[in-house]
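**Student:** The lines below spell out each chain.
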Amino acid sequence: MEFLLPFLIGILFSASLYLILHRHFFKLILGLILFSLATNLFLFVIGRLTRGGSAIIGQDENVAVEPFADPVPQALLLTAIVIGFGIQSFTIVLIKRVYQSFGTTDLDDMNTTDQIEEHH
Amino acid sequence: MFLAILAGFLLAFAAPLLHRWLGKWVVVPMALLPFTIFVYLLTLSPAVLAGNNLGELQAWAPSLNINLHFFLDGLSLLFALLITGFGTLIMLYAGGYLKGHPLLGRFYLYLTLFMTAMLGLVLAGNIMAIFVFWELTSISSYLLIGFNQDKESSRSSALQALLVTGLGGLALMGGLILVGMAGETYTLSELLERGDLVTNHALYLPALVLLLLGAFTKSAQFPFHFWLPNAMAAPTPVSAYLHSATMVKAGVYLLARLTPVMGGTDEWQYTLMIVGGITTVLGALLATQHVDLKAILAYTTISALGLLVTMTGIGTAPAMEAMVVFLLAHALYKGTLFLVAGNVDHATGTRDLTQLTGLSGTMRYTSIAALLAGMSMAGILPFFGFIGKELLYEASLEESPFRWILFAMSFFSGMVFVAVAIALGYGIFWRRSQNPTPLQHPDKPLLYLPPVILASAGLVFGLLPGFFVTPLLRRASEAMLGVEQTFDLALWHGFTLALGLSVLTVLLGYVVYRFSNRLLSYASRFSGLYLFGPANLYQLALRGFMTGATKITATIQNGYLRSYIAAIITAHIALVVLSLWENGPRLELGNNLHLLSQLRMYEIVLLLMIVSALIFLFKSQSRLTSIAIMGIVGYSASLFYILFGAPDVAATQLLIETLTVVIFVLILHKLPVFKYLSHATERYKYVTLSLTFGAVMTYVILIVKQYPLDSQLKAYFGQGSFLLGKGRNIVNVILVDFRAFDTLGEIVVLAVAAIGIMAMLKLRMHKGDKP
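These protein sequence lines are chains A and B, in that order. Per full-length UniProt numbering, the very first residue in the first sequence carries number 1; after that it's consecutive. Per full-length UniProt numbering, the very first residue in the second sequence carries number 1; after that it's consecutive.
Hint data in this document are derived by calculation from the structure and do not stem from the laboratory. Just to be clear, a hint being listed does not mean it is correct.
[Unchecked claim] Short derived list, chain A residues pointing at chain B, Cβ under 8 Å:
#, residue
1, L8
2, F35
3, A55
4, N62
5, A64
6, F68
7, Q74
8, I83
[Unchecked claim] Once the Cα atoms are required to be at most 25 Å apart in a straight line, the calculated DSS-like pairs of lysine-lysine come out as:
#, chain 1, residue 1, chain 2, residue 2
9, A, K96, B, K762
10, B, K24, B, K99
11, B, K619, A, K96
[Said to hold, decoys possible] Simulated coverage check for chain B against chain A, where a stretch passes if three residues somewhere in it have a Cβ under 8 Å from a Cβ of chain A:
#, segment
12, 218-225
13, 507-514
14, 635-644
Remember, predicted model here, so these are calculated numbers, not experimental data. All C-beta atoms in this analysis are idealised placements derived from N, C-alpha and C, irrespective of residue type, glycine included.
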């Protein structure tokens, strides 16, 4: 599994980026969710995998005994997942409001703020 | 000296207030300041004339080795006296010229600001300070040229002057820094003694190019001369002060100042002589093609500046002598003529040479000033201009391979000067006329006194050259040559070659004047050439910049989210590939193959599940299916977390995934079905980009995993979790104990998102509201 996970993460990154590059707002959200998933897995793998032993100290011991999983990436992941959720819900509500106000879900219709007037 | 500069700046910014309090009497304090400085400089002059250089130091940015250093020698004294003396007269004149103008206070603000900056420029003893004051003069000149801000032409002329001189200023800064590096000091007095060090340094040539660019743009040398005639959009006092007597001479001052540091090399000499020569001839030629008094004066000024640059380039003792004498003479007569032109414009409402005639009867004092200045310009005995012209001829006739070219050039410009002098000093005033041009306003003392004083100075200096002027000019040329000068100025040298040539110049100049109408008729014939002139190139470049910038912005900032993201990802890929390419570690997959044997069946099933889910996701046309598929992917990921010892993460992931799906279904069920919106070609582009990105990320993980993780944190938390944090679940202890503040931050982020969501849900758009 350790051997295959990097490739799986690569596939997830590719798929999510492709979704993000779509013109459709809905696909953008799907892409974002997948992207954060891929990033989390990326962090997890970079922090090295430990099979079996979780980062919990047994009832009889005072300190953790090897093998136990590195708790640092896990703590980071927890934070990242929760914050990712915040972003996702915000985006989901945003797309709903945008659709209600503009009647479109096409990102190309929402580029007026960045356009400059032609110079004469 | 520091106090003088400071007082200048303070008074400048007080000018609008003073104008409000004092009304038209604002002219009194404004003129009093330059006069006070003028007198103060006169009190310093005996020491300078005795051969001492005065210095004054104020710490400014000591950590950068930049001090506010003031330095007064013959050259700075000459310029400083010119600036303050002429400044006093200009302040008086402006009071009359812009009498009753509602913005007179602002005008004085700009003018005093300029005067102070110019004074700072010539008194600065540190080359960085020179640069700062240099830029200040450019900015104040911009404000002054654009003073009639309601006129389109004023504004564009001001911008043109600012862009040209500002560009030069930028080059100058680079040049000065290079000179400072080469000479290992920014202090002028030290630098002046390290000429050999600088000229032999590897940075000499780039420094020279940049410095000359700065000086040439400021002093309107070919091919940057075009901004000066346009700058005549400024009110006349400004033209007289900035664009004939002082600011345009800043470039000449810089060249003169740096002659001991940079001068003496072939590059220096030839560039100055060639550029100065072309400018001299071109300016004189163009002067004959105009009928506007100020335009004619502007072009002769360009010609005169060319002469000054050429003389600096020749660099011999007689050339330097001629340079300083001509500089003073030119400032006196050209300033006067500008003021005269202003008076004529003010009184008659026109500056067209062909419409003005017989004004001597109605503008008595102005016409006297014009006559005096004209005679000085023509180089007639016994005016100071005569001495200047004689010396110019002598200097150009010195033994050198180019003597005839140099002489022909100064002779040609001399001829045109005579013609212009006759036209301005005699033609419009004294030539008999049946119907003199009527006056709209009478001549006023405040308007005619300054030119009369200036013009008389030209006469007095000519008659008594030995008194004060000679020693001052000696010291000034000493500053450039570094050797003591003992020349004496005298009106009468006997019947020399130069005298004969002077007479010839005057005669031929008169001929030119007689045929000036015919010369004017050529003007239209040459107009086709202007298409290729630098002024047009400037317009083209300016327009090109504007449209180019618009296009680039429109391309880069096109408002399409996906192209922004594509750019970010591409840059990311490029950076990773670049850093891995250059002495990055190589991937050794072979060592990892044994890991394949550890694969478990359920792991492979999970993997297959995710991949097939993704394939389904791409094929799906329904929102609900997509959401369900996203759930599958998320749940599979959480199973991975369980497999590798992260139960907390897995739990959170499960929970969040469920919540997301619920929110999705609740909120998005009313949206329309989605279609493929991307174009086919773009799709291939994006597919390639996505695949590359995924491959790069995989590669990065594989590379990183080749190396053991060296983390003491794992051991630290493993040891301390129970003993220090009293908790057996290490991850939880980290979150709520060791890194509790991070968790607080996380909660804040969630709260902010929640507030945002609330705001969006409560938002009620009214009809007609701009989205």
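**Student:** Take the segment 507-514 of chain B, compare each residue's beta carbon with every beta carbon of chain A, and decide whether three or more fall closer than 8 Å.
**Tutor:** violated (count 0)
**Student:** Taken at face value, is the distance from the CA of K96 of chain A to the CA of K619 of chain B at most 25 Å?
**Tutor:** Judged against 25 Å, a Cα distance of about 23 Å means the pair holds.
**Student:** Has the segment 218-225 of chain B got at least three residues whose CB is nearer than 8 Å to a CB belonging to chain A?
**Tutor:** The restraint on the segment 218-225 of chain B is violated, since only 0 of its residues have a Cβ under 8 Å from chain A and three are required.
**Student:** Does Q74 of chain A hold up as a contact with chain B if the rule is Cβ-Cβ below 8 Å?
**Tutor:** It holds, given that the least Cβ distance between Q74 of chain A and chain B is near 5 Å, below 8 Å.
**Student:** Under 8 Å, Cβ to Cβ, is where F68 of chain A needs to be relative to chain B, so tell me if that hint holds or is violated.
**Tutor:** holds, 6 Å
**Student:** Quick check on the hint: A55 of chain A CB to chain B CB, less than 8 Å?
**Tutor:** holds, 4 Å
**Student:** Does A64 of chain A hold up as a contact with chain B if the rule is Cβ-Cβ below 8 Å?
**Tutor:** Hint holds; A64 of chain A Cβ to chain B Cβ min 4 Å, cut 8 Å.
**Student:** So, I83 of chain A near chain B? Judge it on the closest CB pair being under 8 Å.
**Tutor:** holds, 5 Å
**Student:** Hint check: is the beta carbon of F35 of chain A less than 8 Å from a beta carbon of chain B?
**Tutor:** For F35 of chain A, the interface hint is violated, since the closest Cβ of chain B sits about 10 Å away, which is over 8 Å.
**Student:** Regarding the hint that L8 of chain A lies at the interface with chain B, is the smallest CB-CB distance below 8 Å?
**Tutor:** holds, 6 Å
**Student:** Report holds or violated for the interface hint on N62 of chain A, using the least CB-CB distance to chain B and a cut-off of 8 Å.
**Tutor:** Hint on N62 of chain A: holds, closest Cβ of chain B at ~5 Å, below 8 Å.
**Student:** Going straight from one Cα to the other, do K96 of chain A and K762 of chain B come out at no more than 25 Å?
**Tutor:** holds, 13 Å
Consistency with the previously given hints fails for numbers 2, 12 and 13, ordered from lowest to highest.
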